[in-house]
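Colleague: Residue numbers (the numbering used here), protein chains in the order written: chain A, 195 to 578; chain B, -1 to 305; chain C, 14 to 442.
Here are the computed lysine-lysine pairs in the DSSO-like style, where the Cα-Cα straight-line distance is at most 30 Å:
id, chain 1, residue 1, chain 2, residue 2
1, B, Lys146, C, Lys214
2, A, Lys341, B, Lys104
3, B, Lys146, C, Lys269
4, B, Lys104, A, Lys548
5, C, Lys345, C, Lys410
6, C, Lys342, B, Lys62
7, C, Lys338, B, Lys62
8, C, Lys382, A, Lys381
9, C, Lys122, A, Lys509
10, A, Lys381, C, Lys187
11, C, Lys345, B, Lys62
12, C, Lys187, A, Lys394
13, B, Lys62, C, Lys347
14, C, Lys211, B, Lys146
15, A, Lys549, B, Lys104
16, B, Lys104, A, Lys430
17, C, Lys297, B, Lys146
18, C, Lys297, B, Lys62
19, A, Lys381, C, Lys385
20, A, Lys394, C, Lys382
Source of the hints: derived by calculation from the structure; they are not laboratory data.
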Amino acid sequence: MNAFYTKWMGGKKGAIELAVLAVFIFVVMPLWLDIFRLNLVGKYLTYAFAAVGLVMVWGYGGILSLGQGVFFGIGGYCMAMFLKLEASDPVSTAHQTTPGIPDFMDWNQITHLPLFWEPFHSLIFSLAAVILVPVALAYVISTAMFKRRVGGVYFSIITQAIAAILTILVVGQQGLTGGINGITDLKTIHGWNINTDSAKYILYFLNGVLLLAVIMLCRFLLSSKFGRLLLAMRDKEDRVRFSGYDVANFKIFTFSVGAAISAIGGAMFTLQVGFMSPSLIGIVPSIEMVIFAAIGGRISLVGAVYGTLLVNYGKSAFSESFPSLWLLLMGALFIGVVMLFPNGLAGLYDVYFKKWVEQLAIRLKKVFPLEKLKPVKAEINHEQ
Amino acid sequence: MGGYSISDLWSILVMQGFSGLSLFSVLLLMALGLAIIFGQMGVINMAHGEFMTIGAYTIYMFSKVTEQYFPSLMPYYFVVAIFAAFGFAFAAGYLVEYLLIRHLYKRPLDTLLATWGLSLIMQQIFRTVFGAREVSATLPDWLMGSWKPTPDIDIPLNGLFVMAISIVVTAAVVLFLYRSSWGLKVRATTQNRVMAGSVGINTRKVDRVTFAVGCGIAGIAGATFTTIASTGPTSGSLYIVDTFLVVVFGGAGSVIGTVSSAFSIAQAQSILTFFLTNAMGKVVTLLTIIIILMMRPEGLFTSKVRK
Amino acid sequence: MFKKMPVVPAGCSAEPVSKTSFLPMHKKLTLAVTGALFIACAGSSFGAAPPTDKVDTTHLAVTDTEVTVGQLHSSTGTMAISETGAIEAEKLAIGQINAMGGVLGRKIKLIQEDGASDWPTFAEKAKKLLEENHVAAIFGCWTSASRKAVLPVLERDNGLLYYPTFYEGLEQSKNVVYTGQEATQQVFAGLDWVAKTKNAKTFYLIGSDYIWPRTTMKLARKYIETVLHGSVVGEEYAALGSTDFGSTINKIRLKKPDVIYAAVVGGSNVSWFKQLKAAGITGKDHTLLTLSVTEDEANGIGGENLVGFYSAMKYFQSLDTPRNKEFVKQFKAKWGADAPIGDVTQAGYEGPWIWKAAVEKAGSFDTDKVAKAEESGQISFDAPEGMVYLEPNHHLKTRLRIGEWRTDGQADIVYTSDYIMPNPFPTGY
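Using the sequences and the accompanying hints, generate a full structural model.
Modeller: Written as structure tokens, this is what we have:
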């Protein structure tokens, strides 16, 4: 139990953070918001997966990926392909030239379901593909790069190029992918309608549970020897290499984990929004995901979630109030955070609120003395 | 290619060669400014495209003013406007460096986020000032139309113009970097900032001028592209990916690298587009770049000072 | 008679406007529709407004004096270039309707949202308008992708969308009225015209790479090959946002087609025409018919790069009728003398008017009743382009016009077709 507490939850500090986040997601939001807004928060929380992935890859691994949208997008597309096939049964597509295939294929004069679509009739396969396809791609990309010691800005721009290429491919092969429209009009999973209000509630909570689970998994990874090596690599890569570790393998592993996490977010996006669009793959969303992580504070897993929520809330609120001028406010927000709070929300917390919260905790402890837990040994230095 | 005469094929070959060269000039012009900033200073300027848009709108403003008040000067305004485009973009770059970039030199990846925010703001300013619609500058007649060396061959004049400008700008950049005292200071600062400072070079000022010059070149590029492409608030975003690719492919900090990378990308894309479809041509080019970058991760040409 | 009509500033609905000055158009409208509509209109103009619980049984944002509608276009991002015209036209129409007394005695209140050229955002904002603001109708979308993103939301929440863009067809929803032309309306008559007047046999098809050009070119190819007995010598799609057409133009030069048939969109459009002109392919010795250049695009391309080329549209700003001249005057008075009016802008203007006519025929804002009225085949509107008739398949019966571009960015209308029935699901193509 103690091992679980220290490794998965991240000790006392981590447990409090998680508890606050859980209360925020599972209690405050559903009580405060109607189903439309809650669904919107659910959509934002899917981006938080990508941001959490980036905290691992960028904040701890020191690898800035500008192609995180690629993995988010592939995860989303794998999910959407399953849903689209279920929505395209021969009865409801009877008016098509070829009934039983997705509508956009019919519009593009395709008369047989392409081979790579076939396995997506199976939910199990599709769920596996959500994780495995992005991981495989991430593995190939990162192996090619890190084995040759490509890093830094070059890696960033190459990932950006991959995002550009994938967008062009998806948009260009519209008979196979739905093109610029994306895969739209998704309805059911095994007959369960994902568009009803009750389904939206269930998906929202599932999304929250998955997000917390992913954060705990990341905590576990970071509290292990791997996590300490990762930090050491980020700060002095050569020394780790000279100590006999294969730096590339650790980076490949981290990058693949980040890809898998983003992909889960993509799949949840498809389920909650009801369609998947190539506009989630490209360069712009990928940079936005980096911004979410940066505003959260790039080495704070929980901060990334708040960063994502803050930026997206700002986007929605600004654009509803000032439909033609909101970009000014968004731009100012990004610049302001980078200039004034280089460590994002987490830094803001550390500077202004941490002492206050700790004093409160000490006072609370005096009032309600809890049984002593073993001190956390190698806690990761979050202030770095 | 049955059914075509030899002379047909010959003229296509000539024109196709030219279209590759013209794309090369476009890419080179886009990338030069960024290469200077990114290569020499390690700053990732995501607002590079918007500095190009400044240049494009400068041409538009000059064209409107000239048309209104000095119609007789219409054939000549373009040349003046290009200098003005450099001036405006230089000034904007100088200001941005002073207000924003200089605070972020120790955190190069943060410049990416800050300049991304900057690009959003600039796009919105363009939209507010010039309207959301595209605009079109009236170009002088000598820039439009084509030169016909033989009856079958049409060489676009605007393509020749873009080529000429990019040759001039490249030459100017080389002279600036390798033949001027400013260039010496820039190179010294790049290679060893502390040492450069200790021999009395004002490295802050060098940074500011380098950044501003890079932006100014983007302004020239944007001005020149009004002859071949659209002018609107988001026009700059069309170029940003290609621009970064050219710089990375060439290897940062090397003018010759940028030139050769622009050349190979342009020729590949131009030839592939002719034989494949337009969209597939682009995809194959991008994939090839990635594969080459995986084999030569530091780009075609690398400067030795980088770590 | 239209010249006397005062220019109506939108948004100042409280300003009293003399009823008589609007009567001619009003009369025309009521004459064009059925007696039922006449009664509804008369009621709205002269009598007390019908009680709210009668006109709204589905909890829409309707009060005794006000009805709320939404507007959902991109005012930021790459599509803002194209969507601005529709935003302006819809605001103009709503202002004019308010000045006439509104709809069923209620003034229209507009909530504008920004789709930001991003399809998931369109879906989010449509949901917001329907579920939070309970708007009675949405005027919006431009690209097919944004419409496809919004459509499931509309069908789930039972909302109404008035969509102004010419588009690929293959769609018909109870919840959408398509005030732009679908592909068959835009393609066939234009091809007939170019085949006849230019004696064209060979065609080169080029479009941007997405659903609208692809579908349109599919129809065009079939029509050229089976009806016109011509041939397609090349068919090509440029990546969206592509700015380099050198190689494509060289291919066209090699194939020497009689007609270049184009549907290139967005920023690519400008590059495409500038590079054509620079390569010596101009209206003087080449025939080019495009489906994607309105006055809005011409403004960005520059008339000197377009002169002599043809566009197939249902509306051109230069249309020489008193009704259109009045519309142009009103539009320019509100949005500036430089504001161009393209096909989609005019179709955007039709949206609020068609909605008004349908609501008044239904006597209710309820989506189901309005949709039923729209399917009655009895809704029509005296639009700037001429009378348009809403067919039961939710599309408009309109004419097609061919415009020849001039250097000033306006087009001379060289051909006007008969009325063309909308046929969003053509068989045999």
